[in-house]
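Enquirer: The lines below spell out each chain.
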Amino acid sequence: MTDILRISVPITVWIAAFSAVYGLEGVICSDLWRGAGLSLGQGRGALVATWVAAIALQVALLVALRSRRFASPHPWVQRLATILGCVALVATVWSLMPVATTSLCL
Amino acid sequence: MVGGSTPLVLAGCEERLSAVHPAGPAADIIATLWWVMLGGAAAIFLLVVVLLALAFRRDEGPSGETADKRRETVWIKGLGLGFTMTVLAALTAWGLLIGERLLPRPGPDIVTVEAEGRQWAWRFSYPDQPGRVTEDVLHIPAGRPVDVRITSTDVIHSFWVPRLAGKLDAIPGHVNVLRLEAWEPGEYAGVSAEFSGAGYRSHGFTVIAHDAAAWDAFLAEELP
Amino acid sequence: MTEKKRMTALRLHKALYPIWRNDPGWKGVLTTVNNNTIGNMFILGATGMFLAGGILAMLIRAQLASPRSAFMGPEIYNQIFTMHGTIMMFLFAIPFFEALTVFLLPGMLGTRDLAFPRLSSYGFWCYMIGSTIMIVALVAGVAPDGGWFMYPPLSSSAYSSGINTDIWLLGISFIEISAIGAAVEVVVTVLRYRAVGMSLDKLPIFAWYMLVVAVMILTAFPPMILGSLILELERAFDMPFFQAEHGGDSLLWQHLFWLFGHPEVYIIFLPAAGVISMVLPVMARTTLLGYGWVVAAAISLAVLSFGLWVHHMFTTGIPHMGLAFFSAVSTLVAVPTGVQIFAWIGTLWKGRPEMHLPMLWILGFFVTFVMGGLTGVMVAMVPFDWQAHDSYFVVAHLHYVLIGGYVFPMIAGIYYWMPVLTGRKRFFRMGETAFWLVMVGFHGTFLLLHWAGLLGMRRRIDTVEAGSGWESINLLASISGFVLAIGFGLVILDVAVNAFVAVRGPRNPWKAGTLEWATPIPGPSYNVASIPVISSRYPLHDNPDLPVQIARGEGFLAWPDRNRRETLAVSISRGEPEFISVFPKNTIVPFVMAVVTSVMFMAPVFKWYWLMFIAAAGVTVLALVWAWANGSRRDEGLLDAGRGVSLPPHTEVAYKPGWWGSLFLLLADSVLFGSLLFGYAFLWTVAPNWPPPRILQPGILGPVLALAGVALASSGIRLGDRAIREDGAPWRGLLASLAGLAALGAAAATVFAGTTYNAHAYDATLWVIAGYVIFHAGLAGLMVLFLLCRIGTGYVSARRFGDARVVRLWIDYAVLTAALGLGAAWLPGVLP
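Going line by line, the protein sequences match chains A, B and C.
Just so we're aligned: the first sequence equals residues 1 to 106 in this note's numbering.
Just so we're aligned: the second sequence equals residues 1001 to 1224 in this note's numbering.
Just so we're aligned: the third sequence equals residues 2001 to 2832 in this note's numbering.
Mixed in with the good hints there might be a few duds.
[To be verified] SDA-like, lysine to any residue: derived pairs with alpha carbons at most 20 Å apart: (1) B:K1069 x C:S2536; (2) C:K2027 x C:T2587; (3) C:K2202 x A:M97; (4) C:K2202 x A:S103; (5) C:K2014 x C:E2554; (6) C:K2585 x C:R2537; (7) C:K2585 x C:Y2538; (8) C:K2202 x A:M1; (9) B:K1069 x C:T2286; (10) B:K1069 x C:Y2538; (11) B:K1077 x C:T2287; (12) C:K2202 x A:I4; (13) B:K1069 x A:M1; (14) B:K1077 x B:I1044; (15) B:K1077 x A:W76; (16) C:K2607 x C:N2040; (17) B:K1069 x C:R2352; (18) B:K1069 x A:W76; (19) C:K2202 x A:T82; (20) B:K1077 x A:T82; (21) B:K1069 x C:T2287; (22) C:K2202 x B:D1147; (23) B:K1069 x C:R2537; (24) B:K1077 x A:C86; (25) C:K2511 x B:I1044; (26) C:K2004 x C:G2553; (27) C:K2585 x C:R2564; (28) C:K2425 x C:N2040; (29) C:K2585 x C:K2511; (30) C:K2027 x C:R2537.
If you're looking for bench data, these hints aren't it; they were derived computationally from the structure.
All chains should be modelled from the sequences, with the hints used to inform the complete structure.
Expert: In structure tokens form, the structure reads like this:
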């Protein structure tokens, strides 16, 4: 089961972060955000911060998965986990790039 | 002026609903995107077919672990990852750039009109001329950006004038804003593009783009 | 094989056969729990649905052939295209690969059956009964007519007042039980029931794909089931989830539907990719290039596919940044697809491809699917989708992907595994003709429809208008469509004729290396006479003698001395033997339960709620009977498993198969719960007419009950569990747990008291959350009572405490979701 977790955790963390950022964008563009007295500029800041945090988390997971403490004893699982950790990192960078490059709430 | 001609018998022209015969900047940008993507897709398709065909023409290569490692490098890391990611990154960036250009950003000279879909008709109104309402015919000025504020009173519909811009849904409780512009004065066919039940097929409308003088005349017209 | 060895194999067969065989005659059909028999019936059923969906497709093409050929009015036509989509997606595509998996998976893994044989039977019968209901509705003219994705408000009672929509919502939810059931089975089977030594890196690649697909089913179907449930609640009781004027939002349905609907596309594609990864290397006389990469690609594809549902909603007015996220993932998902495509082509280059019929279909797949994938990347571009959406461009694209990417590989698979399925090798040669008819017919039908879409032809219009500019394209499409239909008809005929008439074939005619070719063909009911020990991905290539060794009982659990159905459970990573799983006998309970479940689902269509409750009670009783039949009243200790190894039976391990099944069922349940909370948050942020006029105040009673419930329920079961293991008295702990669950239910009931179910979408959502909490508290409570009965009748001992662990899992889940759900319900009331 631990091996299954090694394989599945990073990419699951990606989908969680992705959903969280999408949800946050929804909140920022809703009346709730304005109602709380926050500006769109602050919204952009929050989105970029979440993106950076998600990337940092993926890097941390990748490092952890390659550390002696968390690495799988099976070389094949270890390699698969590393590939999928890289996939999750690339997916985090790629899929959330729009927080920095597209217009907000338009 | 407020004509009731149904769009579906209008104009014998076969391209009246064509997204690839643009008559405005938004449809034009998207049509360009399409032609470029078609070319790229054809090239990639050809590549795959050639690679497949060649697989049947050659002798068996070397076997063993080193040979397989080399193959993995070429096929999976090179073609599978490198090639696809390069093409897709470029395309994604371009697509988003275009999307940004088509957004209804605030600016001078923008005309706002309102479109309200229902089963199976469209009702258009004009904030520049409060009280003016047209059924199934939308009047806009040519050569100026127009923001269409779209909503629905019953089920979901979609506002689509293919020669001018992409479609945008009319959803009860929401107002969506579509930016479109016609280069030239003329009549453009529009349809609802979200299935809405028995009368869906003929749920259409016409957009009439006026030159500056005709637009002023339209706005100045007495309310009935 | 020497004569002596042959005799041993025959004696072993004679020992195993009476234990594993089906009941004789027609009764056997209803009571069978055998994966081969159920797989066969399942394949036939799904093929029947493919024919039904195909006939509807022909009606559509006849209607659209020319402006003058329309023979149906929109009322009928709308039913036809809705049912075409519904049948092909829900009643053909998913069931067909499930059927193939039920049939093939145990053999590939070198085990005797799927993990939960009765669940195979229950799932199959739910599917058959549900499909029959849908077809009857179609023939009776009350079929659903709102399009296969059923958008409200069009599907709300105000605009669809008949029972058509109810049949869709309830019928499809019912059928999805079979998908969820099959998924739970497949996950547990792949993880725990394999040949010895089959570590994760030696799984046949199809098993990896199916593991991934099964987890996807468990996480993708629940949002849709929730959507169907709340839409049905809106239709039946006017709870305004989708009505804008009362704080609902029709976009919520689209989110829930596509949260299911996009992963669904990959749920359909990945099994086909699994088939290709099995068949193509054999056709090229080599092994799959980049096995690890392909596994990684399948897993990546699966997870990425949960991040692109909004690309079906590009035209709904979501802000561009939101669309951009999903556009980016939609292109990214093409990368693992590309990796697989190039891995397959690389495999062909590595080997020496031979042009057998399965290979022909795989080439058809490549040509067609690559085109579909490329148009898929096009519609992933937000601006282009604004034009292409809901036009025939999309119709053409999805048929390229689904037929090219799913049907063609499945046909390749059927021809490839025909010896395993029927014991016969192909003799009649209609297959090649059929292939070319299908190819010509398919591209003739769909290629130019892309162009019609760009010329403005919308999907779902009921006639092609004269002067539209797309008449000739449609005429060509209709003629080609009939060629395509004849081609598919010939394929089915060819397979049928070969299955019944062709000569008996040799074992393993393709010289494949995987274990499904190690058994006599067609496979016996017990699949393998003994559980083999393997040491590579292609055990038959290393050891051509393996089939003989298996048949002679040189593996594990050969001689059935204990006279019951036994198979081996292994450790997840390494595939080392862990315990002996005892499988159930033939039983009619799953069939009866499927019938009663169908009553439970269909009664609300006619508003017979009394009947629904009676049927629900019936299902509960049957489920208890089901669970009761499993277990032992004495400690057996370590048992001989063969090859000098002794293992405990599954009744004497802490986490028995039922626990693993529960775990993955709860994974699906938790996604449903998560979707519910998502819906709640979505309505709060996006829907019009919020905040609601009246917000629930939690008060004192509810939270106190909830806290007491959480503490009592979770500590009580732990005390009980410990008492069981120490041979003490578990009563006190279990009764405390029961009281805690009752308190949780009461706490949830206070939510009902403080809200009006149909006042506002807020109230309606709170009612569903509270109902969810009560349901799970009640379910866990029922399990505690069951456990008490099991203890009272001697099924539980200090060694046999697995039942308690299962109950603990469900109680923990009920407690966790109650805390989260009630917390979410009360939160707005305590915020300033």
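Enquirer: None of the hints should be skipped; say for each whether it holds.
Expert: Hints, one by one, checked against the model:
no.: 1; hint: B:K1069 x C:S2536; result: holds, 18 Å
no.: 2; hint: C:K2027 x C:T2587; result: holds, 10 Å
no.: 3; hint: C:K2202 x A:M97; result: violated, 37 Å
no.: 4; hint: C:K2202 x A:S103; result: violated, 48 Å
no.: 5; hint: C:K2014 x C:E2554; result: holds, 16 Å
no.: 6; hint: C:K2585 x C:R2537; result: violated, 32 Å
no.: 7; hint: C:K2585 x C:Y2538; result: violated, 32 Å
no.: 8; hint: C:K2202 x A:M1; result: holds, 16 Å
no.: 9; hint: B:K1069 x C:T2286; result: holds, 15 Å
no.: 10; hint: B:K1069 x C:Y2538; result: holds, 19 Å
no.: 11; hint: B:K1077 x C:T2287; result: holds, 18 Å
no.: 12; hint: C:K2202 x A:I4; result: holds, 15 Å
no.: 13; hint: B:K1069 x A:M1; result: violated, 29 Å
no.: 14; hint: B:K1077 x B:I1044; result: holds, 17 Å
no.: 15; hint: B:K1077 x A:W76; result: holds, 18 Å
no.: 16; hint: C:K2607 x C:N2040; result: violated, 36 Å
no.: 17; hint: B:K1069 x C:R2352; result: holds, 18 Å
no.: 18; hint: B:K1069 x A:W76; result: holds, 15 Å
no.: 19; hint: C:K2202 x A:T82; result: holds, 18 Å
no.: 20; hint: B:K1077 x A:T82; result: holds, 15 Å
no.: 21; hint: B:K1069 x C:T2287; result: holds, 13 Å
no.: 22; hint: C:K2202 x B:D1147; result: violated, 59 Å
no.: 23; hint: B:K1069 x C:R2537; result: holds, 17 Å
no.: 24; hint: B:K1077 x A:C86; result: holds, 13 Å
no.: 25; hint: C:K2511 x B:I1044; result: violated, 34 Å
no.: 26; hint: C:K2004 x C:G2553; result: holds, 13 Å
no.: 27; hint: C:K2585 x C:R2564; result: holds, 8 Å
no.: 28; hint: C:K2425 x C:N2040; result: holds, 17 Å
no.: 29; hint: C:K2585 x C:K2511; result: violated, 35 Å
no.: 30; hint: C:K2027 x C:R2537; result: violated, 39 Å
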